[in-house]
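Top to bottom, those sequences are chains A and B. Residues in the first sequence are numbered consecutively from 1, following my numbering. Residues in the second sequence are numbered consecutively from 1, following my numbering.
Hint data in this document are derived by calculation from the structure and do not stem from the laboratory. Some clues are possibly wrong.
Pair ranges (Cβ atoms, derived) [stated by the list, open to error]:
| no. | chain 1 | residue 1 | chain 2 | residue 2 | range |
| --- | --- | --- | --- | --- | --- |
| 1 | A | HIS303 | B | LYS313 | 45 to 55 Å |
| 2 | B | GLY177 | A | TRP248 | 46 to 56 Å |
| 3 | A | ALA86 | B | ARG359 | 50 to 60 Å |
This one's a predicted model, so the numbers in the text were calculated from it and none came from an experiment. Don't be surprised by glycine CBs; every beta carbon is placed ideally from N, CA and C.
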Amino acid sequence: MLGILRRILDEAEKIIKKTPILKNFFPVFEATDDFFFATKKTTRFAPHFLDGIDIKRFMSFVIIALIPATIAGVYFFGLRVLLVIAISYAAGGLVEVAFSVGRKKPLYEGFLVTGLIFPLILPPTIPLWMVALGASFGVFFGKEVFGGTGRNIFNPALVGRVFLSLAFPEYFATMWQKPFWGGLGGFVKFMPDSITGATPLINFKSTQDVATWPCLLMGNLPGSIGETFRIGIIIGGVLLLLVKIAEWRISLTYIASAFIVSFIGHIFLPESFAPPLFQILSGGLLFGAFFMATDPVSGPLTHQGRWIYGILLGVLTILIRTFTGFVEGVMFAILLMNACAPLIDTIIINIKFKDIPQVEEA
Amino acid sequence: MNILTFKGGYRFKGFTGRAANKLITLDLPSTVRIPLRQGFGSTLTPKVGVGDGVKAGQIIAQDDKLVSSPIHSSVNGTVTKIEKVNYFKRSIDMVTIESDGDPGYEKLAGATKEWEKLPNQEIEELIYKSGASSLNREGIPTSFKSSIINSEEVVDLIIHGISSEAYNASLKTLLEGKNLYNFVEGIKILKKIMPKARIHLALNSRKKDIIESVKKLTSNIEGLKIHALYSKYPQGYDEVLIPTILGKKFPYGYSAANIGIVVLMLQTVLHVYDAVVRGKPLIERILAFCGQAFKENLHVKVRVGSSLADILKDRLFTHFKHRVVLNSLLTGVELADLSLPISREFSQIIAIRDDDLRRFLNFMRPGFHSDSYSNTFISQFVKVGKIATTNLRGDQRPCIQCGYCSEVCPVDIMPTVLDRYIKLGINETLMRFGIFNCIECNLCSYICPSKIHLANNLKDAKTKLIEAGCDNSLCILPKFNLKGLDDYKGVKNLR
Ligand code: SF4
Ligand code: SF4
Numbered sequence: 001m002l003g004i005l006r007r008i009l010d011e012a013e014k015i016i017k018k019t020p021i022l023k024n025f026f027p028v029f030e031a032t033d034d035f036f037f038a039t040k041k042t043t044r045f046a047p048h049f050l051d052g053i054d055i056k057r058f059m060s061f062v063i064i065a066l067i068p069a070t071i072a073g074v075y076f077f078g079l080r081v082l083l084v085i086a087i088s089y090a091a092g093g094l095v096e097v098a099f100s101v102g103r104k105k106p107l108y109e110g111f112l113v114t115g116l117i118f119p120l121i122l123p124p125t126i127p128l129w130m131v132a133l134g135a136s137f138g139v140f141f142g143k144e145v146f147g148g149t150g151r152n153i154f155n156p157a158l159v160g161r162v163f164l165s166l167a168f169p170e171y172f173a174t175m176w177q178k179p180f181w182g183g184l185g186g187f188v189k190f191m192p193d194s195i196t197g198a199t200p201l202i203n204f205k206s207t208q209d210v211a212t213w214p215c216l217l218m219g220n221l222p223g224s225i226g227e228t229f230r231i232g233i234i235i236g237g238v239l240l241l242l243v244k245i246a247e248w249r250i251s252l253t254y255i256a257s258a259f260i261v262s263f264i265g266h267i268f269l270p271e272s273f274a275p276p277l278f279q280i281l282s283g284g285l286l287f288g289a290f291f292m293a294t295d296p297v298s299g300p301l302t303h304q305g306r307w308i309y310g311i312l313l314g315v316l317t318i319l320i321r322t323f324t325g326f327v328e329g330v331m332f333a334i335l336l337m338n339a340c341a342p343l344i345d346t347i348i349i350n351i352k353f354k355d356i357p358q359v360e361e362a
Numbered sequence: 001m002n003i004l005t006f007k008g009g010y011r012f013k014g015f016t017g018r019a020a021n022k023l024i025t026l027d028l029p030s031t032v033r034i035p036l037r038q039g040f041g042s043t044l045t046p047k048v049g050v051g052d053g054v055k056a057g058q059i060i061a062q063d064d065k066l067v068s069s070p071i072h073s074s075v076n077g078t079v080t081k082i083e084k085v086n087y088f089k090r091s092i093d094m095v096t097i098e099s100d101g102d103p104g105y106e107k108l109a110g111a112t113k114e115w116e117k118l119p120n121q122e123i124e125e126l127i128y129k130s131g132a133s134s135l136n137r138e139g140i141p142t143s144f145k146s147s148i149i150n151s152e153e154v155v156d157l158i159i160h161g162i163s164s165e166a167y168n169a170s171l172k173t174l175l176e177g178k179n180l181y182n183f184v185e186g187i188k189i190l191k192k193i194m195p196k197a198r199i200h201l202a203l204n205s206r207k208k209d210i211i212e213s214v215k216k217l218t219s220n221i222e223g224l225k226i227h228a229l230y231s232k233y234p235q236g237y238d239e240v241l242i243p244t245i246l247g248k249k250f251p252y253g254y255s256a257a258n259i260g261i262v263v264l265m266l267q268t269v270l271h272v273y274d275a276v277v278r279g280k281p282l283i284e285r286i287l288a289f290c291g292q293a294f295k296e297n298l299h300v301k302v303r304v305g306s307s308l309a310d311i312l313k314d315r316l317f318t319h320f321k322h323r324v325v326l327n328s329l330l331t332g333v334e335l336a337d338l339s340l341p342i343s344r345e346f347s348q349i350i351a352i353r354d355d356d357l358r359r360f361l362n363f364m365r366p367g368f369h370s371d372s373y374s375n376t377f378i379s380q381f382v383k384v385g386k387i388a389t390t391n392l393r394g395d396q397r398p399c400i401q402c403g404y405c406s407e408v409c410p411v412d413i414m415p416t417v418l419d420r421y422i423k424l425g426i427n428e429t430l431m432r433f434g435i436f437n438c439i440e441c442n443l444c445s446y447i448c449p450s451k452i453h454l455a456n457n458l459k460d461a462k463t464k465l466i467e468a469g470c471d472n473s474l475c476i477l478p479k480f481n482l483k484g485l486d487d488y489k490g491v492k493n494l495r
């Protein structure tokens, strides 16, 4: 079995290397090959052995942690969700391939995560063409213009999502569907009937109604595809923190500071500040805290920077939710802080490594 | 007991192929090749010529003017060849001696059980003559220029038995039976020749029984302190050990002796005992054979100068390729040429699989045998023994800023930030970020999920900076009162 696959890949390699047009697509082949078979390279100097983890495994764990939220998304909003995910992967992947072919650089794994996170933060009614547009926009402007994986200042999934919500606000203000609930739910349906309801956050803005926390935890209320099933998000997120893929400092401070700010705000201005537990369990806060704010590439590097980053994220999220026209603050808070992350790092690093002491001449 | 430790570092746990508590003595080699530079000290010129008969333990090279210690023949026999050989990147004289098969050796004159009655000068002479004074990074100071400082200048003496590498010689084996008493006796000898020194004994916190028994035996030694330390890599490095135990700053780039501290390993103290009490020169070493490629993982006693090929013969598996590494998998050199002889500095020989198999869907496997800083492998929970191989375990990728490297760096610098600046150009900015603090422990390279050669890049940049005339003495010298600078040439032990 494996032998056959190996032989197919080896034959393909020969053909690709011989054919001039196909040669350009070598990065695509290389990525496929590396995906199936691990490297045969060995260390050339000390250290003679290396840690078992690599970027593929790093990224796979994020995907594993997203599985509960994804399955819940299908259950709540029908099999169409799978189509949305497929289109997101295809569109974003194309941009990625185009760039790696154009730059003659290898194809990296980063998109595997972006391609799944992006559909999960979209509303379930999103037209398919918009998914394709958003995914390619996000990858293009969120990542490739900065020079590809590792250089991107912003989280590409969020860039795509913010672009869509600014360009087509009507899809993000009213078109929220009631999720399936009971029985096999969305596993046997394509998409929910077009009964629209408001998300808990929109509800609060207009009527000050607060949804109960069991409902919020289960997620059978309108919301983005992957953001509603909060039990699954917490399970996946805690898994990520435990395996050290996501940084606990960021998630913890984000949630804690959102809690504290809304707690204080709710005491003084109960009409505009929603109660703290509701804040944390609604919208994309948990999803953002566990899966988007913790993206190492777009966040700060230093520990102190990560504390600051998390705290400011919480504060910003609640302030945006409370005092602006936007009902949801998570996206903007994270993007804004993404932009600040290099600055925070620079400041921390400059404080830590002051100038070399100058020697005075005797 | 209060356990001391440092910030950063990483614990290598549960590797298969650790040397068992078993010691065998290997057969006498038929020929030995003795490199004339062993341990701390300069290269010496031979005092014997081709055709000379030599005795085991006879000094064949000595120079009291250079910082060095004598070197002995390790067998009885005849000198057959003296040639220049490239030994660990240095061209040095190598004396070949054909053995006559007699295992005896010449005792050092003056060695006695009642060493306490000897004057310090004579004890120092014994240690110096035995060659033990050349061991470890600074050697043992005596009045014979075996180190860069004198024995009176030693303020602190640290003796450590911390096994922080993935593979270590077993403390139990080294201190087996009477050796434990000899070890304590050795400490007393060192105490006598370094009267002003406070003695610190650093032991692995998990070896509770050894700590207890050493404690009992040393209770009557004045000014001796026992510290229990975690076996966290790189705790055994002078640069980490001294701040941890003494709370002092280390003059990175210089040696501990420059601030009046001598750090010795456990085996060295045993050699001191052998020299002073039994009159045995340093002609034998205990080596640990570690790693999965060995058929049996044990400790062996071998004569210095035996060739690697001889001592490894029939001990390695042959059905897969292997790589043989000296002393440490993280920083050691590869022993590619097995015709080379072993020297005093050898303490572990590690042989691991040279793994160039392309494993199917490797990144998705549960990983019963993988070691990792992250907890993404099942080996964290199910202990079946981790296996070290030379495989890269992934493809090189751009830095994702995970921050692992800064977390583990024992000297609290940020390897990834330095790496980024190195790409922008090699200039003084690097010094501001502490490039000269890097102690080349290679932990950051080990840990990086993007498989970036951080430590190696840093090392290259350091070399280039020094070539360009920048060095760290400007930052170090005003802050420290360093001793023995004239003789200090940046000599480092083989790691
Ligand atoms: S090699 Fe240098 S930079 Fe890397 S962890 Fe060790 S001390 Fe830090
Ligand atoms: S460990 Fe590697 S990937 Fe992580 S921050 Fe350091 S250099 Fe970057």
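Going down the list of hints, with the structure as the test:
| no. | hint | verdict |
| --- | --- | --- |
| 1 | A:HIS303 with B:LYS313: 45 to 55 Å | holds (51 Å) |
| 2 | B:GLY177 with A:TRP248: 46 to 56 Å | holds (48 Å) |
| 3 | A:ALA86 with B:ARG359: 50 to 60 Å | violated (29 Å) |
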